[in-house]
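Work the whole structure out from these sequences, hints included.
Top to bottom, those sequences are chains A and B.
Residue 18 in my numbering sits at position 18 of the first sequence, with consecutive numbering throughout.
Position in the second sequence (from 1) plus 1000 gives the number in my numbering.
No wet-lab data here; the hints were simulated from the structure.
Take these hints with a grain of salt, some might be off.
As the list claims (entries may be wrong) - Coverage of chain A stretches by chain B, computed from C-beta distances (three or more under 8 Å per stretch; other residues unrestricted): (1) 41–55; (2) 89–97; (3) 197–206; (4) 384–396.
To be verified - Derived CB-CB ranges, DEER-like: (5) Glu243/A x Met1001/B: 52 to 60 Å; (6) Ala44/A x Glu1307/B: 52 to 60 Å; (7) Arg1202/B x Arg336/A: 55 to 63 Å; (8) Glu1400/B x Arg336/A: 52 to 60 Å; (9) Val1029/B x Asp206/A: 46 to 54 Å; (10) Arg1172/B x Glu417/A: 41 to 49 Å; (11) Val1080/B x Val38/A: 39 to 47 Å; (12) Ser1066/B x Leu337/A: 43 to 51 Å; (13) Val1029/B x Ser149/A: 53 to 61 Å.
Said to hold, decoys possible - Some chain A residues close to chain B (C-beta under 7 Å, calculated; not the full set): (14) Gly290; (15) Val323; (16) Ile324; (17) Val325; (18) Arg340; (19) Arg342; (20) Gly345; (21) Ala347.
Glycine is no exception: its CB is placed at the ideal position from the N, C-alpha and C atoms.
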Amino acid sequence: MSTASVDSARTRPAPSSPGFSRADDDAGLVTRARRRPVVLSAAALFVVLIVTLIWTSRPEDYTPLSTDNATPSGTRALAQVLRAQGVDVRQIGTMADARIDSPGTTTLAVAGTEPMAEYQIDALIEYPGDLVLIDPSQSVVDRIAPALSVEPSLDAAPVAAACEDPDAVAAESVRVADTGLAGDPGPDGMLCFPNDYGSHAYAVVDDGDRRVTLIASWPLVTNEHLAEDGNAALALRALGRHETVVWYVGDLFDPSTLTWSDGDGDGDNGADGAVPPTEIEANPDFLPPGTGSAVYLLALTALVAAWWRARRFGPLVREPLPVIVRASEATRGRARLYRRSRASGRATAALRATAAARMARRLGVPRAAGRTGLVPAVARAANRDESDVDRILYGAPPTDDSTMMSIIQELDTLESEVHRP
Amino acid sequence: MYITGWTVALSAIGAVPAMWVQERAFAWVWVIGVIALACLDAALAAKPGILGVRRSAPRAVRLTESTAVELEVVNLGSRVVSGTVRDAWQPSAGATGNRHRFRLAPGEATVCVTPMRPTRRGDRRADVVTVRVAGPLRLAGRQRSIEAPATLRVLPEFASRKHLPSRLARLREIDGQTAVQLKGAGSEFDSLREYVIGDDVRAIDWRASARRAEVLVKTYRPERDRRVMIVLDTARLSAARVGDAPRIDASIEAALLLSALASKAGDRVQVSAFDRVERARAMGVSGPAMMPVLADALSTVEPALVEPDWPAVARLVQSRLSQRALVVLMTTLDASAVDGGMLDAVAAIARSHAVVLASVDDPEVRALERGRDDMHDLYAAGAAARGALEQDAVAARVRELGADVLTALPDDLAPAVADRYLDLKASGKL
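Below you can see the structure in the form of structure tokens.
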């Protein structure tokens, strides 16, 4: 804002003479509302509507197996039933967000381990509490029961539990859908719900310290299939063992790893020598912790600055501009027409005529003398052959560009040779 | 309402506590709080309606010269008002530094001076006066625009006045008023001189010749009180740009120089700008009063994108002039003018008056004619030569009608027209 110095202004008492223009007094809100009730109420309604929409909206979630996803592929129904049963279900966006305080009373549910990196799986295996793995990938299964393999399942008929796990027995029957498990679950493990082809929907590995539940047939926890067969019973029993469930959906774009605090009450999870990752290791963030919120505030400040700069100091002033057409435009346009229609003859004729007129003026040959009067005069002045001069000035018109170029060159040379006698 | 940079700064300061709090909600609370504070500040600011403004601009200024306009701001309310005022003019008025801070006690007034350097001829209009009244916290304030019409007339530059002294000197020579000749002034023999070949035999003073051994001729002082009428063509061809300015600007310069010269020579000058109707005129004034009137009349002349009405021009000239006069037509020699009836009009005027037709030449077209770099240049040269031939043909036909034709580059037109006038004056053809 360039402001002229105050020195240029002189302050003096106001003269009593009238003739000052004044701004109209701003009409108050009430007056304006009375004048235009429809506009103002429409504006108010619009604001209320926008506020309501913003207030009630939450980001739509379409991630499969996410507890916020209400579509058939989501698990919102399961999460809501668990919450109704008094279990605290918390979904985390990144592994670093887990920050599990007491692994002994927290079930970590991980859906879709396929996108997870090796170090993330390491952290998962080191987690001291109960794990529920939904749709586990082979790389995770290898770390829990090496002899177990994940294989696709095509048969989708309900099958009986056929094992001694109380959860499976309570569920009675489920379908082995999409994927199943086959092989040896190890001494602590148990495979349940086998189908005719040897695929199992569910496995439990319980080494006494913790319980790892593998739900290979992941469709049974989805909103679409939860109500079928014994799906609900199996899923609720598997996840409802502890008062807290931390739910994580595998994400390719999440580089962070799991965090949990060392059990304050039970010290036996340090027995296997695994060092739980500290927060700084888990979150490789070199900036101070408050940077994010400071940047967020500065982004809002940028909006305020936009308002500051966008508010004009009075309206723009209109300038009625004159038409700007160069006088040479007509000549240039004519030149383009000549060139497009290859009118080399016409262009050369004009140049010859003007050159002849200039030479005639220089030599004092009257306009009326014409070709017969001008040619000998020019030939004399330029010390050239008359027929040569006649060919250059009045010869056949050129038919192509190169002839035109050479004629004009000769014409210029001739004109430079002609001097006042 | 407006906000100041302080509001933005206050909002940005919130980044420091935000580092500790680490909550997004805090950012919202802080920014909304700052805005609420700014709104409160604006609400506490005085109403702009208590300010009165009055503009005063000089009546006229010559183009390229600087001037200043004044804006008087008065506090008609009962509380101290501080803020900023913007004296808005259209951009070509060249108002730089048109924002002024003020702080006024009740009943006090201040005068804000805005320097101006107009960049275009004509009437330059003022726009609204915008006042910003700051709130007590300087975070925000109220803004209002006030209508206060004003106009500044920008006169033609008259750059050709630099040619005036030399032409006036020549005029005095013709007039027989130069210092050298003044020595013998009053003596009768000074108006006689020896006969030289080429003098009109009717001018021979036989009685004086009889007294002397040689033949003497009477010389006459040039006629005074002759009529000169300048007609400016403001039609479409005058709008075309030659160099940096439209053709009409060169015509105006020539008209100003010729008028200045002719009024010094004692002739009566009248000027008319015409396309289909008369756009401006300056007549009925003579002597020193002529130039201001003429500059004022020509300052607002703008080219109109219409075809000129040549028969009407001829009628206008005939109606304005009762005795033989010099008629200078400032127009454009163009092949299209032949169809438009220019030749008929020139013929009609030339029957009873001396006619000079002055036309602005385009240096760019002349440069095109000399271009030889590539085929494109050659065709352009051909086109320019064709245009020149057509122009020559029109000029030849105009000369056949008894009128004089002058073509010159924009800067040379004014002196060329002045010289032609002096030639006519010297040869007694006026």
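Okay, the hints, checked on the actual structure:
1. 41–55: Per the Cβ count (0), the hint is violated.
2. 89–97: Violated, because only 0 residues of the region 89–97 of chain A bring their Cβ atoms closer than 8 Å to Cβ atoms of chain B.
3. 197–206: Answer violated; 0 residues pass the 8 Å Cβ test.
4. 384–396: violated (count 0)
5. Glu243/A x Met1001/B: 52 to 60 Å: Given about 54 Å between the Cβ atoms, the range holds.
6. Ala44/A x Glu1307/B: 52 to 60 Å: 58 Å, holds
7. Arg1202/B x Arg336/A: 55 to 63 Å: At 59 Å between Cβs, range holds.
8. Glu1400/B x Arg336/A: 52 to 60 Å: 34 Å, violated
9. Val1029/B x Asp206/A: 46 to 54 Å: 49 Å, holds
10. Arg1172/B x Glu417/A: 41 to 49 Å: Cβ of arginine 1172/B to Cβ of glutamate 417/A: about 45 Å, so the range 41 to 49 Å holds.
11. Val1080/B x Val38/A: 39 to 47 Å: 41 Å, holds
12. Ser1066/B x Leu337/A: 43 to 51 Å: 47 Å, holds
13. Val1029/B x Ser149/A: 53 to 61 Å: Holds - the Cβ-Cβ distance for valine 1029/B and serine 149/A, about 55 Å, lies within 53 to 61 Å.
14. Gly290: 3 Å, holds
15. Val323: This hint holds: valine 323/A lies near chain B, its Cβ roughly 6 Å from the closest one there, short of 7 Å.
16. Ile324: Result: holds, 6 Å to nearest chain B Cβ.
17. Val325: Hint on valine 325/A: holds, closest Cβ of chain B at ~5 Å, below 7 Å.
18. Arg340: Violated. Min distance 9 Å.
19. Arg342: 9 Å, violated
20. Gly345: Violated, because the Cβ-Cβ distance from glycine 345/A to chain B comes to roughly 10 Å (cut-off 7 Å).
21. Ala347: Status holds, d = 2 Å.
The structure fails hints 1, 2, 3, 4, 8, 18, 19 and 20 (numbered hints given earlier, in ascending order).
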